[in-house]
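Please arrange chain B on chain A, whose structure you already have, making use of the hints.
Going line by line, the protein sequences match chains A and B.
In terms of my numbering, the first sequence is residues 1 to 113.
In terms of my numbering, the second sequence is residues 114 to 228.
Among the hints, erroneous ones may be present.
Residues from chain A shown here face chain B by an in silico Cβ test under 7 Å; the list is partial [claimed, not checked]:
1. Arg41
2. Gly42
3. Leu43
4. His45
5. Phe88
6. Phe103
7. Gly104
8. Pro105
9. Gly106
Straight-line distance between alpha carbons at most 27 Å, and here's what the computed DSSO-like set of lysine-lysine pairs gives [stated by the list, open to error]:
10. Lys128/B - Lys157/B
11. Lys157/B - Lys70/A
12. Lys157/B - Lys26/A
13. Lys70/A - Lys56/A
14. Lys70/A - Lys26/A
15. Lys69/A - Lys56/A
16. Lys157/B - Lys124/B
17. Lys69/A - Lys157/B
18. Lys196/B - Lys128/B
Honestly, the hints are just simulated from the structure, not real lab data.
Since the model is a prediction, treat every value here as computed from it, not as a measurement.
Backbone N, C-alpha and C define an ideal beta-carbon position, used for all residues, glycine too.
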Amino acid sequence: SQQGEEDPQALSIQEGENATMNCSYKTSINNLQWYRQNSGRGLVHLILIRSNEREKHSGRLRVTLDTSKKSSSLLITASRAADTASYFCAAILRDNYGQNFVFGPGTRLSVLP
Amino acid sequence: EAGVAQSPRYKIIEKRQSVAFWCNPISGHATLYWYQQILGQGPKLLIQFQNNGVVDDSQLPKDRFSAERLKGVDSTLKIQPAKLEDSAVYLCASSLTGGGLGDYTFGSGTRLTVV
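Just chain A, with the same shape it has in the complex (with noise of 0.2 Å):
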């Protein structure tokens, strides 16, 4: 089964609005990172978020971690049209391997001018 699952599936916003995504899990995790997809083009990373972090901040993204409620969101401020993709949580897990990546199913992102 998916560690990852984000919400919306969709999302169409306007020029300049702010997106939000967010982002489940079902077990403990070493940290969250997020990814961005083009169409047609590989996972490109985005935020990198820890386990014992509340809160990141890189550029117009804001990423939240709540441990508690195994939740995570994306926040995309002040959205262009450029920003049109899909986005992809992957829970880290620690298992027996090492590091383990489990994305989920994406939100794709429609910006429009």
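Just chain B now, kept in the frame of chain A:
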């Protein structure tokens, strides 16, 4: 720094045929991963290598999928015979530290269509 290279970019085959994908990771990255991404879904890990050894292949359909990483550098993923449900993008990724520190780098993927 060169990224993760994958080829071919696209492949169309008939069911029951065989296909192979190639991945060249970033130089020095010991860990290499193959993911399968079905349209509309997140990537699913197929196999993870640490140098030329397999760390995790628990989700690899071993009756038809195989992968190798000779000499701990390039890797190939093979499907034999292909089924319609194998249509997906196959992503290769590599990392220096195992990815836990966010140094995961993905290739652009190979889009496989099985008809």
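List, from low to high, the hint numbers that the structure doesn't satisfy.
-> The structure conflicts with no hint, since it agrees with every one listed earlier.
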